[in-house]
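So the sequence shown is numbered by this note's numbering: it starts at 1 and just counts up by one.
Hints listed in this document are in silico derivations from the structure and should not be mistaken for laboratory results. Just so you know, even glycine gets a beta-carbon here, dropped at the ideal spot from N, CA and C. Any given hint could be a false lead.
Each pair of labels, with its calculated beta carbon distance range [claimed, not checked]:
| # | residue 1 | residue 2 | range |
| --- | --- | --- | --- |
| 1 | His59 | Gly139 | 32 to 40 Å |
| 2 | Arg135 | Ala52 | 30 to 38 Å |
| 3 | Ala143 | Lys82 | 28 to 36 Å |
| 4 | Asn83 | Gly35 | 30 to 38 Å |
| 5 | Ala72 | Arg117 | 18 to 26 Å |
| 6 | His65 | Glu36 | 15 to 23 Å |
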Amino acid sequence: MQPRLALLAALVAALPALGACRERRAAVALHPRDGEPVRVFVEVADTPDGQARGLMYRHRLDPDHGMLFVFAEERPHAFWMKNTSIPLDLIFIGSDGRIAGIHADAEPFSLAPIDVRASSRAVLEVNAGFAAAHRLAVGDRVAYHDVASTKPP
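Based on the sequences and whatever the hints tell you, model everything.
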């Protein structure tokens with residue numbers, strides 16, 4: 001019985017540390033020129049599989065959440081909405097930490113390419129209407145929090 005009590009005590013002692021880990025979620029802070037900064041908690045897609053899957057087959061996205069696609073190099077990137085039922089805004093972010101372009105209200109399930117004809121290092125997908133609601137514009141500043149893969153290679 002003693003080993004079980006020791007294990008239970010160790011697990012109880014570890015609970016505060018687990019809570020602290022959960023609080024350190026990856027996030028993006030967007031700083032519009034004429035509005036208040038807004039934080040979006042993100043799921044990071046920085047692998048080919050994660051980027052190919054994206055938000056496919058999801059039926060909802062919390063208002064302050066999104067998916068951040070991080071690429072190894074800055075260049076023009078194109079997306080589509082295949083198997084994606086949630087209308088989205090796509091915010092293209094340059095390696096300089098500024099919004100390079102915004103594609104608002106992407107049509108669910110569309111196979112049409114989505115791009116902004118500007119180079120980007122990351123793309124943030126959020127619910128449609130988010131960019132307008134927060135008055136985001138090209139040139140606005142973006143900061144990453146606990147997103148290790150956004151550091152230049």
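Against the structure, the hints:
1. Taking 32 to 40 Å as the suggested C-beta distance range, the pair His59 and Gly139 conforms, at roughly 34 Å.
2. In this structure the supplied range 30 to 38 Å holds for Arg135 paired with Ala52, their Cβ-Cβ distance being about 32 Å.
3. At roughly 30 Å, the beta-carbon separation of Ala143 and Lys82 lies within the given 28 to 36 Å, and the hint holds.
4. In this structure the supplied range 30 to 38 Å holds for Asn83 paired with Gly35, their Cβ-Cβ distance being about 33 Å.
5. Between Ala72 and Arg117 the beta carbons are some 20 Å apart, a value that agrees with the proposed interval 18 to 26 Å.
6. Taking 15 to 23 Å as the suggested C-beta distance range, the pair His65 and Glu36 conforms, at roughly 18 Å.
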